[in-house]
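So you can see what is in the structure, the chains are spelled out below.
Protein chains: 2
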Amino acid sequence: MDNPFLVEVTRGHLVESRHRGSISVVDAEGATVFSIGDVDRRVFPRSAIKALQAMPLVESGIADKYGLVDEEIALACASHSGEPEHVRVAASMLAKAGQDAGCLECGTHWPMGEAANRALAASGGSPSALHNNCSGKHAGFICLACGQGDNPTGYVLADHPVQRKVRETLEDITGACHSIEKSGIDGCSIPTYAIRLPSLAFGFARFGTGIGLPGEGKAAAARIRKAVARHPFMVAGTGRFDTRLMELLGERAFVKVGAEGVYCASFPELGYGIALKADDGNARAAEAMMAGLVLRFLELGHDERKAVEALAQPVLRNWNGIELGQIRVSSEITGAA
Amino acid sequence: MDNPFLVEVTRGHLVESRHRGSISVVDAEGATVFSIGDVDRRVFPRSAIKALQAMPLVESGIADKYGLVDEEIALACASHSGEPEHVRVAASMLAKAGQDAGCLECGTHWPMGEAANRALAASGGSPSALHNNCSGKHAGFICLACGQGDNPTGYVLADHPVQRKVRETLEDITGACHSIEKSGIDGCSIPTYAIRLPSLAFGFARFGTGIGLPGEGKAAAARIRKAVARHPFMVAGTGRFDTRLMELLGERAFVKVGAEGVYCASFPELGYGIALKADDGNARAAEAMMAGLVLRFLELGHDERKAVEALAQPVLRNWNGIELGQIRVSSEITGAA
Chain A
1 MDNPFLVEVT
11 RGHLVESRHR
21 GSISVVDAEG
31 ATVFSIGDVD
41 RRVFPRSAIK
51 ALQAMPLVES
61 GIADKYGLVD
71 EEIALACASH
81 SGEPEHVRVA
91 ASMLAKAGQD
101 AGCLECGTHW
111 PMGEAANRAL
121 AASGGSPSAL
131 HNNCSGKHAG
141 FICLACGQGD
151 NPTGYVLADH
161 PVQRKVRETL
171 EDITGACHSI
181 EKSGIDGCSI
191 PTYAIRLPSL
201 AFGFARFGTG
211 IGLPGEGKAA
221 AARIRKAVAR
231 HPFMVAGTGR
241 FDTRLMELLG
251 ERAFVKVGAE
261 GVYCASFPEL
271 GYGIALKADD
281 GNARAAEAMM
291 AGLVLRFLEL
301 GHDERKAVEA
311 LAQPVLRNWN
321 GIELGQIRVS
331 SEITGAA
Chain B
1 MDNPFLVEVT
11 RGHLVESRHR
21 GSISVVDAEG
31 ATVFSIGDVD
41 RRVFPRSAIK
51 ALQAMPLVES
61 GIADKYGLVD
71 EEIALACASH
81 SGEPEHVRVA
91 ASMLAKAGQD
101 AGCLECGTHW
111 PMGEAANRAL
121 AASGGSPSAL
131 HNNCSGKHAG
141 FICLACGQGD
151 NPTGYVLADH
161 PVQRKVRETL
171 EDITGACHSI
181 EKSGIDGCSI
191 PTYAIRLPSL
201 AFGFARFGTG
211 IGLPGEGKAA
221 AARIRKAVAR
231 HPFMVAGTGR
241 FDTRLMELLG
251 ERAFVKVGAE
261 GVYCASFPEL
271 GYGIALKADD
281 GNARAAEAMM
291 AGLVLRFLEL
301 GHDERKAVEA
311 LAQPVLRNWN
321 GIELGQIRVS
331 SEITGAA
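Same order as they appear, the protein sequences are chains A and B. According to our numbering, the stretch in the first sequence is residues 1 to 337, in order. According to our numbering, the stretch in the second sequence is residues 1 to 337, in order.
None of these hints come from the bench; they were simulated from the model. Watch out, some of these pointers could steer you wrong.
The list treats identical chains as interchangeable, and a pair is accepted whether it falls inside one copy or across any two copies.
[To be verified] Here are the simulated lysine to any residue pairs, SDA-like style, with alpha carbons at most 25 Å apart:
(1) K182 to W319
(2) K182 to R317
(3) K182 to S330
(4) K65 to P314
(5) K306 to Q99
(6) K306 to G154
(7) K182 to I322
(8) K226 to F241
(9) K182 to V315
(10) K182 to L14
(11) K65 to G149
Treat the numbers as computed from the prediction; the structure is a model and nothing was measured.
For reference, chain A alone in the conformation it holds in the complex (with noise of 0.2 Å):
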């Protein structure tokens, strides 16, 4: 099956290049919504789920032991931009474990965002582990090793204790089975299990309405999307997508990106849950069928409309500023007439 072209950018009058995907809704007892394209394939989730990566730590009561705030916590959902917040929280969250940067086995990589990157270049700096975008996450998965009294050394690996556990956890909260046969590395070293997109956002319809979850499980996704709802610039950064549009809507749309062109959103006031995947794995076509989607499910009003569809439409300009062209979504995802 071929998936169609969901996404266009236009240069002048033509359209230069073209964005086929693949989007499933499904809401909180697993019946499908609203589906575009082969949603059969499957897809690694990447960085998408690390809201759901995180629920161990918080269900467990292990975040409290340590006392993590909600910066920290929304930090463990993160790719952010290695900004000085971002490396200062993620730090804050492995003293509190009594831990340090030596133990992150994410890797180094500068700073993710480009001011960021340049400021620590011009300070005479150089990278950590601290500043991966993964940082935050894997000081979560540290917390979790500690508290649960297991030593963190290897807790990237699929047989760590820390690993098993997230993997259980996403097989209950998506219901779908997380095979090793079907699984890759992921950009920081942990496992990424590949699964259907509307496993996906069934997992992500349960996380933003808590329903069908344990008790401790709806309470810990309720911790999670508000944490993320008031620190939106935790999740990502400056200028950057998921950060706008939550700081636009707040707790109505908990959005997260993933690598290769893949976003998972929970619309609670609705009961949705969204997975979705640019078959290139283009971030700019994932993140305007994401803004698609806002606009076609979410009651918006006039400004945060307007604001959103800046989103979904972009207008390209170059360094001079001139007006080059647009990214459009299709109707097909917004339903616009």
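Fit chain B to the known structure of chain A by using the hints.
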């Protein structure tokens, strides 16, 4: 017509993302040698035709009038990384025409090369238009304007004598009408005209062989090809695909990337011109496609083949150096059994 999948990106044992595209290979008589996908769709060639845009500068004798040397002619064809050598050579071109960076109308951006970007920040500097990846092409335009006795101001505009001359050259070499209605504005503010891949490929077959060009055109094409083959660093930069491939193959392959997944090439010994586009605009796909065509068409020694295979099927590793997957170009391109 749906374009076929030409490049896939794997993770673990699964395909994570897929790219579709179209390819045209044409000889200097205009006969199609090889074709994949819908090649009738118009494509913006973007920076892939910088070598053709540099033809008037050389053909007119103005490059000689100003004493431009090979590395300067190579930079006129470049999408460079903004490394110090690129900046130095762009400034030198302008000085030879009695101008300076204040004349550049390409806009300013931080160096495209990550190391150059951070080095500039670390030095406390900030970018000028000389760091723009198109500064060499623009310096060439300014030389052309001054050499023709035109005021360079506004040289990026479609009706300036420089862009009129460039458009005339593009029409002559590709045989295709370049219409304003089918044009857009490029990242560096000059017009880009959408034409069909076979016309683009035909232009590069003629550029690579000189067949069908007037005497000055034939000499200019040969001089540009030689200049680039001698200075492949100038057309791109450290670690970049075009630089690596031409360092390896010299005058046997002229290759040039364009934005939004476009690539053009000449294989002079075969008399072939090539133009391709990844539907989604992704550079990794376009690079793999181009490397796959080199594997298909050029007779390579053992070590050359290994090096080109590494460009066609690069192994993907994460920040810890762990192998995650691979980019794989289709055997429909390489012709591999």
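Now the hints, each set against the structure:
1. K182 to W319: between (43 Å within a copy, 22 Å between copies)
2. K182 to R317: Classified as between: cross-chain Cα gap 18 Å, same-chain 41 Å, threshold 25 Å.
3. K182 to S330: Classified as between; 23 Å across copies, 31 Å inside a copy.
4. K65 to P314: Neither: 44 Å inside a copy, 45 Å across copies.
5. K306 to Q99: neither (45 Å within a copy, 45 Å between copies)
6. K306 to G154: Close neither inside one copy (47 Å) nor across copies (35 Å); limit 25 Å.
7. K182 to I322: between (46 Å within a copy, 18 Å between copies)
8. K226 to F241: Cα proximity of K226 and F241: one copy only (18 Å, versus 45 Å across).
9. K182 to V315: Classified as between; 19 Å across copies, 39 Å inside a copy.
10. K182 to L14: Between. Shortest inter-copy distance 7 Å satisfies the 25 Å Cα cut-off; intra-copy 40 Å does not.
11. K65 to G149: Within one copy, since 12 Å is at most 25 Å while 77 Å is not.
Hint violations for this structure: numbers 4, 5 and 6, all remaining hints satisfied.
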